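Once you have looked at the hints, place chain B on chain A.
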Amino acid sequence: MSKTQMLKGVLEGCVLQLISKHETYGYQLVQDLRTAGFNDVIGGTIYPILQKLEKKKLISGVMKPSPEGPSRKYFSVTSIGQEELTIFMRDWQKINESVKQIFK
Amino acid sequence: MSSKDKKVESIRNKLNESAKKLKGENATFFDDLRDYLITSSIFYDELDVTEQTYNVCIDLIEAQENGQTAQEYFGKNSRRLADSMIKNFKHAGYREIIELIMLPIGIYWAISFISDFAATGPLKINIFEYLLIALLSVGVVVVVFKTIHKFIYLNENNLVRKSKVIQFIIGTIFFGCIIGVFLAISMLTPPIWIIKLTYPGDVILMLTIIAIFLGWIIIGKKRELYSITPFIVLMAAVGILQRIPVLLAIVGSNNIKFLAAGAAIGGFLINIIWGRIEMKKITRN
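Chains as they are written, first to last, in the numbering used here: chain A, 1 to 104; chain B, 1 to 285.
These are computed hints drawn from the structure, not numbers from a lab.
Where hints are given, some of them may not hold.
[Claimed, not checked] With a Cα cut of at most 20 Å, we get these calculated SDA-like pairs of lysine to any residue:
no.	chain 1	residue 1	chain 2	residue 2
1	B	LYS20	B	GLN71
2	B	LYS87	A	PRO48
3	A	LYS52	B	LYS20
4	A	LYS73	B	LYS76
5	A	LYS55	B	ASP45
6	A	LYS73	B	VAL8
7	A	LYS56	B	SER84
8	B	LYS76	A	THR4
9	B	LYS14	A	HIS22
10	A	LYS64	A	HIS22
11	B	LYS146	B	SER84
12	A	LYS73	B	SER10
13	A	LYS73	B	LYS146
14	A	LYS52	B	HIS91
15	B	LYS90	A	GLU54
16	B	LYS87	A	THR86
17	B	LYS14	A	PRO65
18	A	LYS64	B	SER10
Given the structure is predicted, the values throughout are model-derived calculations rather than measurements.
Here chain A stands alone, though its shape is the one from the complex:
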């Protein structure tokens, strides 16, 4: 199984978690994910995830002037997104424990 396939579902939750910590934008998100160890993550993966999360109303984007220069879209988590994040964390913990059990 390729790493990309394994990451597919997890990445959405990670993006949601990062946005819930502070308002952020596409480029910053990619950098944060890379810093966290997702070295292979590229912008090409993140933009469709942001669009999908926004479509599901889990995050909302607002155009704001950035300190570095031009205005850009900053994302924050909505109340529906917070609920979704809680469910993701619970599900992830269960999966993580099960996987650990198997690989013990």
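This is chain B only, laid out in the frame that chain A set:
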């Protein structure tokens, strides 16, 4: 112009300004991506498409400032990125879709109507011909958009992408065929449903249409239609002139032919020159 249109225009202007900061292969990467997104987005929400494209551009500029190339930041397969973004675009509302469909139909209907109106005798409108024109004009727009869309990410060694001469030949053949089909429709459509209008009904109808058309263009600031407006107004004016007996007597029935030819040539030249200036502005942007 609606508040949404104003917003789209404002973001598009910012996008054009920002894109100038991209250099070398980053600029090429972004230009291809932008063209691909825009040509695929006829039935998607224009604001969403423009806003997403702008965000990509701003992020790419930041990546460039931090020493990353577009490929390093977005990944090598820009087409895949574009396709995934397109899948998630919001769909356009019914009003936007209708407006988009009605724009080419309106232009071709206006040209056909003007040519019917400029002909001598009572005004005859062949409804079946207008329906065929509507179908063809929408088809032309869809085919043109789809062709440009497919063309953007053609292999660099592809003959069509490499050779400007081949592009020109294909373009000329395509538009030649389209003009041929339009002429065939206008000449061969059987007179199944004909509406006949005599003076003064024909002149009143024309004046009403011209008033609505000009109002729509001026109030809606339809810049893309500014260049064709003098042609339509001049042809309509000649048509009106020859249908009002008093005015026709003043001008003379022989002179009206020269006037019609002058209006057609003058309007056409204004359209070409003005259109080119507008195109240059768009290309510069």
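Hints, one by one, checked against the model:
no. : hint                  : in the structure
1   : LYS20(B) to GLN71(B)  : holds (18 Å)
2   : LYS87(B) to PRO48(A)  : holds (8 Å)
3   : LYS52(A) to LYS20(B)  : violated (29 Å)
4   : LYS73(A) to LYS76(B)  : violated (24 Å)
5   : LYS55(A) to ASP45(B)  : holds (13 Å)
6   : LYS73(A) to VAL8(B)   : holds (14 Å)
7   : LYS56(A) to SER84(B)  : holds (16 Å)
8   : LYS76(B) to THR4(A)   : holds (15 Å)
9   : LYS14(B) to HIS22(A)  : violated (26 Å)
10  : LYS64(A) to HIS22(A)  : holds (14 Å)
11  : LYS146(B) to SER84(B) : holds (17 Å)
12  : LYS73(A) to SER10(B)  : holds (15 Å)
13  : LYS73(A) to LYS146(B) : violated (29 Å)
14  : LYS52(A) to HIS91(B)  : holds (13 Å)
15  : LYS90(B) to GLU54(A)  : holds (10 Å)
16  : LYS87(B) to THR86(A)  : violated (27 Å)
17  : LYS14(B) to PRO65(A)  : holds (12 Å)
18  : LYS64(A) to SER10(B)  : holds (14 Å)
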